[in-house]
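Starting from the known structure of chain U, arrange chain Z on it as the hints suggest.
Top line first, the protein sequences correspond to chains U and Z.
Residue 115 in the working numbering sits at position 115 of the first sequence, with consecutive numbering throughout.
Residue 41 in the working numbering sits at position 41 of the second sequence, with consecutive numbering throughout.
In case anyone wonders, no lab produced these hints; they're calculated from the structure.
Don't take each hint at face value.
For chains that are exact copies, the list does not tell them apart, and a pair is met inside one copy or across any two.
Claimed, not checked - Here are the simulated SDA-like pairs of lysine to any residue, each with C-alpha atoms no more than 25 Å apart in a straight line:
hint, residue 1, residue 2
1, Lys246, Gly92
2, Lys155, Lys247
3, Lys155, Val251
4, Lys246, Asp154
5, Lys246, Gln152
6, Lys247, Gln152
7, Lys246, Tyr143
8, Lys275, Met186
9, Lys12, Val163
10, Lys155, Gly242
11, Lys155, Pro168
12, Lys246, Gln158
Number of protein chains: 2
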Amino acid sequence: SSPMDSHDEGRKKFVEFPYASAPVRSLMFDLVSTVENRLDSQLLPCALPPDVQYYENQSGTAQASLQIRSGLKSSPIDFILGSWIHSELPTGGALNITSLSAYLNSSTDAPNFLIELIQSSPTSLFLILDLPPRKDLVLHPDYLQTFYESTQLDKQRQMLEKVPEASPYFSSSLYIRCVVSPTAIMIRVETETGESTRMEEIITSYVDPVAKEVIGIWLNQCACGGREIGESDRADLEKRDGLMKKKTIEVDLGTSFPRLFGPEVAGRVLGEIQKVFTAKDTELFS
Amino acid sequence: SSPMDSHDEGRKKFVEFPYASAPVRSLMFDLVSTVENRLDSQLLPCALPPDVQYYENQSGTAQASLQIRSGLKSSPIDFILGSWIHSELPTGGALNITSLSAYLNSSTDAPNFLIELIQSSPTSLFLILDLPPRKDLVLHPDYLQTFYESTQLDKQRQMLEKVPEASPYFSSSLYIRCVVSPTAIMIRVETETGESTRMEEIITSYVDPVAKEVIGIWLNQCACGGREIGESDRADLEKRDGLMKKKTIEVDLGTSFPRLFGPEVAGRVLGEIQKVFTAKDTELFS
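For reference, chain U alone in the conformation it holds in the complex (with noise of 0.2 Å):
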């Protein structure tokens, strides 16, 4: 098949969310063809092998999909990528995550962008909703006005916050706590037992316009903001990028991929993460 075919095939399997519940994939599709309809023009298509757009593990209880779009030179698009993971649990139940996230380039130092929703079973639901600084805040208060006080994006916690069944979540890795803003949402949802019908509404009506509300920040504000900053500023956000980028692939892929997908799969997936993660923007068209 031509490398075109097998670029739709695997797009076309990341947005079908087949294993998501109704309006966690409806959520997921709507923020996938909002960023799509939005930046359309200054991303590459996904060049990923497609074994890595697609793959399980050996024994078919875990299947995957693997989306990254790197931006064209002239955008302030690194890259954006969309996932998501299907993993039948020992104990009868599945482990679902979905997520989307934005990097942009060192052109700008606006914020990048953030969801992960992970579900172990229907009434239990994990969500990452942010848009990661690429500041020291405590050091530039002038950027925490612009991005987050400035664009009420606490509002969207507190709207969440109310939620009875929502109770704020500390990621047990004390650097992903870091990376975060201070407006991050971070939440664990818990409805009763036998209630995923609670649960859905809870998604629809909280998570799903909480969410398009935080997208629309970032895609006015942060993606195309038109913030750009000079040459000499390039380096220490480089640096910084660079150790994110590494440290969260350590932390949050290292350890729970080999886990679901066996050591050959996960190295290989991992291997072409990381390449797009390490790519310099000056290195991707020279």
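Coordinates of chain Z only, in the frame set by chain U:
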């Protein structure tokens, strides 16, 4: 009276914590004693004017005590600041704030110490307990490892998380959320109306031992950890420390002090705090 008399008098009023509940008074007295016993030889006596060491508002409905002891030039201590504030509330109750913070100077980059207890009724408590970092933790994972992972500080946070009446507390100031570490304890404890006995039990059995563990870690690993940094790194550290202190005054004291004590008293006290906060190590004894 001689300066020594007024110093003794101010200190005596401070450590009395006359308006705090018995378990808060006991905890704060122990923390102050622990710090002073360990660091006394490195600390100068409090040099604040008597009317800043103790002050009231015009109508006499609000009282406060403030003690600041600067460190000797040879010490890594910048200063230790202790304070209590008592203010009658129009509703009949009283607001009581007790705090102790310790700032290190730029001879070391080790974290500072902070504890603050805020009670607006005998059944309500806000607690902030942390070793605020002095570097951008995203850029310095080794620093995160040394002071937060190796010390297992998060275990202390988890201990308080388990108290059924406690819930995480998000400061309304995004800047304050940025200043604290990923293991910061920021909780709100609410016991049932009339249940001040249960609140006292929570403070004695949970808050007290955790606070003592945290100050022990700070004394051993930070204040007396012997981690010195080179001249070349000091400028960055001083810039970050300076900004952090400036913003902390603005956010934390700048609005509440004038409201509680009137503009004149607030101006006098804030002016003295500002002097200490903006004094550079090199200028202190030159």
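Which of the listed hints are broken here? 1, 8, 9, 10, 12
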